[in-house]
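Protein chains: 2
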Amino acid sequence: MQACPPALGTSHGTAIWEQRLAKTRIFPVIMSGGSGTRIWPLSTQDRPKQFHALGAGRSMIEETALRFSGTHGDIEFLDPIVIAGQSHRDLVLELLGNSGVKLSALVLEPEGRNTAATAALAALVAQELDPGALVLLAPADHLVSRPKDLVAAVSAAARVVSDRIVVFGITPSGPETSYGYIHQGERLSDGVHTVTAFKEKPDAALAQSYLDEGGYSWNAGIFFFRPSLMLEEFEHAADIREGARAALARGRREGVEIHLDPATFAKVRSLPVDIAVMEKTRRAAVAPCDVGWADVGSWSELWRLSDKDAGGNAVSGSATLLDSANNLVRGEGVHVSAIGVSDLVIVATRDAVLVMPRSRAQDVKKVIPGQS
Amino acid sequence: MQACPPALGTSHGTAIWEQRLAKTRIFPVIMSGGSGTRIWPLSTQDRPKQFHALGAGRSMIEETALRFSGTHGDIEFLDPIVIAGQSHRDLVLELLGNSGVKLSALVLEPEGRNTAATAALAALVAQELDPGALVLLAPADHLVSRPKDLVAAVSAAARVVSDRIVVFGITPSGPETSYGYIHQGERLSDGVHTVTAFKEKPDAALAQSYLDEGGYSWNAGIFFFRPSLMLEEFEHAADIREGARAALARGRREGVEIHLDPATFAKVRSLPVDIAVMEKTRRAAVAPCDVGWADVGSWSELWRLSDKDAGGNAVSGSATLLDSANNLVRGEGVHVSAIGVSDLVIVATRDAVLVMPRSRAQDVKKVIPGQS
Numbered sequence: 001m002q003a004c005p006p007a008l009g010t011s012h013g014t015a016i017w018e019q020r021l022a023k024t025r026i027f028p029v030i031m032s033g034g035s036g037t038r039i040w041p042l043s044t045q046d047r048p049k050q051f052h053a054l055g056a057g058r059s060m061i062e063e064t065a066l067r068f069s070g071t072h073g074d075i076e077f078l079d080p081i082v083i084a085g086q087s088h089r090d091l092v093l094e095l096l097g098n099s100g101v102k103l104s105a106l107v108l109e110p111e112g113r114n115t116a117a118t119a120a121l122a123a124l125v126a127q128e129l130d131p132g133a134l135v136l137l138a139p140a141d142h143l144v145s146r147p148k149d150l151v152a153a154v155s156a157a158a159r160v161v162s163d164r165i166v167v168f169g170i171t172p173s174g175p176e177t178s179y180g181y182i183h184q185g186e187r188l189s190d191g192v193h194t195v196t197a198f199k200e201k202p203d204a205a206l207a208q209s210y211l212d213e214g215g216y217s218w219n220a221g222i223f224f225f226r227p228s229l230m231l232e233e234f235e236h237a238a239d240i241r242e243g244a245r246a247a248l249a250r251g252r253r254e255g256v257e258i259h260l261d262p263a264t265f266a267k268v269r270s271l272p273v274d275i276a277v278m279e280k281t282r283r284a285a286v287a288p289c290d291v292g293w294a295d296v297g298s299w300s301e302l303w304r305l306s307d308k309d310a311g312g313n314a315v316s317g318s319a320t321l322l323d324s325a326n327n328l329v330r331g332e333g334v335h336v337s338a339i340g341v342s343d344l345v346i347v348a349t350r351d352a353v354l355v356m357p358r359s360r361a362q363d364v365k366k367v368i369p370g371q372s
Numbered sequence: 001m002q003a004c005p006p007a008l009g010t011s012h013g014t015a016i017w018e019q020r021l022a023k024t025r026i027f028p029v030i031m032s033g034g035s036g037t038r039i040w041p042l043s044t045q046d047r048p049k050q051f052h053a054l055g056a057g058r059s060m061i062e063e064t065a066l067r068f069s070g071t072h073g074d075i076e077f078l079d080p081i082v083i084a085g086q087s088h089r090d091l092v093l094e095l096l097g098n099s100g101v102k103l104s105a106l107v108l109e110p111e112g113r114n115t116a117a118t119a120a121l122a123a124l125v126a127q128e129l130d131p132g133a134l135v136l137l138a139p140a141d142h143l144v145s146r147p148k149d150l151v152a153a154v155s156a157a158a159r160v161v162s163d164r165i166v167v168f169g170i171t172p173s174g175p176e177t178s179y180g181y182i183h184q185g186e187r188l189s190d191g192v193h194t195v196t197a198f199k200e201k202p203d204a205a206l207a208q209s210y211l212d213e214g215g216y217s218w219n220a221g222i223f224f225f226r227p228s229l230m231l232e233e234f235e236h237a238a239d240i241r242e243g244a245r246a247a248l249a250r251g252r253r254e255g256v257e258i259h260l261d262p263a264t265f266a267k268v269r270s271l272p273v274d275i276a277v278m279e280k281t282r283r284a285a286v287a288p289c290d291v292g293w294a295d296v297g298s299w300s301e302l303w304r305l306s307d308k309d310a311g312g313n314a315v316s317g318s319a320t321l322l323d324s325a326n327n328l329v330r331g332e333g334v335h336v337s338a339i340g341v342s343d344l345v346i347v348a349t350r351d352a353v354l355v356m357p358r359s360r361a362q363d364v365k366k367v368i369p370g371q372s
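First to last, the sequence lines map onto chains A and B. Everything in the first sequence is counted per this note's numbering, starting at 1 for the first residue and increasing by one. Everything in the second sequence is counted per this note's numbering, starting at 1 for the first residue and increasing by one.
Just chain A, with the same shape it has in the complex:
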């Protein structure tokens, strides 16, 4: 029996089911981890980067959820699963609620145990909710200026995902030293290659040699996989998988919320999924893509990415500038006035203010009060 659309306005269960069968169902699993200090004072432990609007008008976690929604050709994004810190529960629900995002599940981690545990949780929860669905695991705090191209890369990767854990490789725009690199091997399918090697963050010379050589892309930490395959490939880190499984089993459920068992989860080994799984599996694949990706890891990067006025100033919030050029100025609930300054970062919230040359953006962590 062939899938056909249900009659408009009717609840044509069978037809809907069969139409869905024709699609590749994907759970976006949004990792709202980290409490980065690199864009303090906007980002704080209470409200890290993903809960702020950096590029667009919505917070990054909302943008991430909206980016992976709806039906696109053969793929269908299900309502997302969010894995977040327990302390950010209310923020997640408030912000995603603002954007009308319905959650399949909200997994609340009592503490951060790194991305291997998160990937295992993603696979286990997705498997429980819909054994036939795939997982697209993505951080909540990245910018993607061409989301359609990323969805197209997901579509392409879907052709190999039954037997591969796919990582998306961002086409490098320069010899960046703050990302890991992926070296691609033979072609598996249109837009998907085997992985020859995962490379640690290189120094500048090595990064340049990668670009000169070609076939390298940035590891953006976005993964696409069949849950049962991911769980199998935890064979060298089975303790993490079983720890995650136990923390889930002993956790408390409340509607879509899953509160992991704190004592159990605290014992889970903290390891990046790249090390626990990706560098060991022989079933990795890379889908290189050029999607306007940025992780906005510093104020200077945000200035570079931002729209600017005629004087080169990237201004957001409430601000008055006089005789000032090439600054990033951001007033969050606070008015910022600047006179006669250039190449500065000026970020103000109601709690704290940061002033520095853009060139010192990597030193922010040294001046956060209460941190050593």
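For the record, the hints were derived by calculation from the structure and aren't laboratory data. This one's a predicted model, so the numbers in the text were calculated from it and none came from an experiment. Yeah, the Cβ is synthetic: ideal placement off N, Cα and C, and Gly gets one too. All the given hints hold, so there is nothing to weed out.
Calculated cross-link-like contacts (lysine to aspartate or glutamate; reagent style EDC-like; alpha-carbon spacing at most 20 Å):
1. A:Lys280 x A:Glu242
2. A:Lys280 x A:Glu186
3. B:Lys199 x B:Asp295
4. A:Lys23 x A:Asp149
5. A:Lys365 x A:Asp46
6. B:Lys365 x A:Asp323
7. B:Lys148 x B:Asp295
8. A:Lys366 x B:Asp323
9. A:Lys102 x A:Asp130
10. A:Lys365 x B:Asp323
11. A:Lys267 x A:Asp239
12. B:Lys366 x A:Asp323
Which residues of chain A face chain B? A few of them, derived with a C-beta cut under 10 Å, are:
13. Ser324
14. Gly331
15. Ser337
16. Ala338
17. Val341
18. Leu344
19. Asp351
20. Arg360
Dock chain B against the given chain A, drawing on the hints supplied.
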């Protein structure tokens, strides 16, 4: 009958009265006018400069009240009269209350009508409260680092005040162009001279010529007078005196508070007392003094006056500085972090932030939001 101190712990009315008779009784009259924008964002219309601590730990209006209190040789300061804007009533009472200052009167102006009206009010209210007392009329928003020397100058001036309106002349520390100058004439008494001329704010060359010539001092707007003499010398601005008198007579009294009649006070001509009285009277005198006076008319001046760390940074409030030199940094209820900046003013409140080189301090008014 000779004055003698009252027995300790007794209420020896007659003796106290006679002891007081032996002293020159002076009402400090504190002018809490103005809503200067020169040290925005600290100073705002709601809370102008005099209600902030700039030099010491107390607000400037408290410092002013405490400066002119107690008994000093032959002079006795009575509880002050404060003349303030109606909208600042609560702030005046709260701050002076914090410092235990008791008020003789609080005259509330429905709107500012300049210093001639204020001087007339000062004379009229003082006369009403104690016909034998003198008036020391002083702005609430000046710093005086050697208050004892100022009190000594008041003592010296007391010898001529029955027949003179005395203005205190600040020994110039440089050819400042932002103050009026007073040229002194013949000596009247120790530390008191006639006034040859009041000079408008000069340009730099003229200011330098005043310093080269000698006998010039800055007009700090601090006046000392017998109320009845001041009222007589309003002969060329009698309308202002009578307007003030009518606004008082029609005003509302409530404890020490005198709420001037708004309709009447609105009609009073707005003129500085310097023009209305001082430039016309033949009974002006100047008491030159070197008392560490400053009106703190800009952020750069405050930096110059402030204690600094080894790097030349004048820091107040909560701040973290790294590789930064010769800045003024002030966090009011907000933490300020700065990296690698020099010669800047960084002032942050919970409402607004100002960043500029110290050399641009005169341009602050151009970047205050909501002002044209």
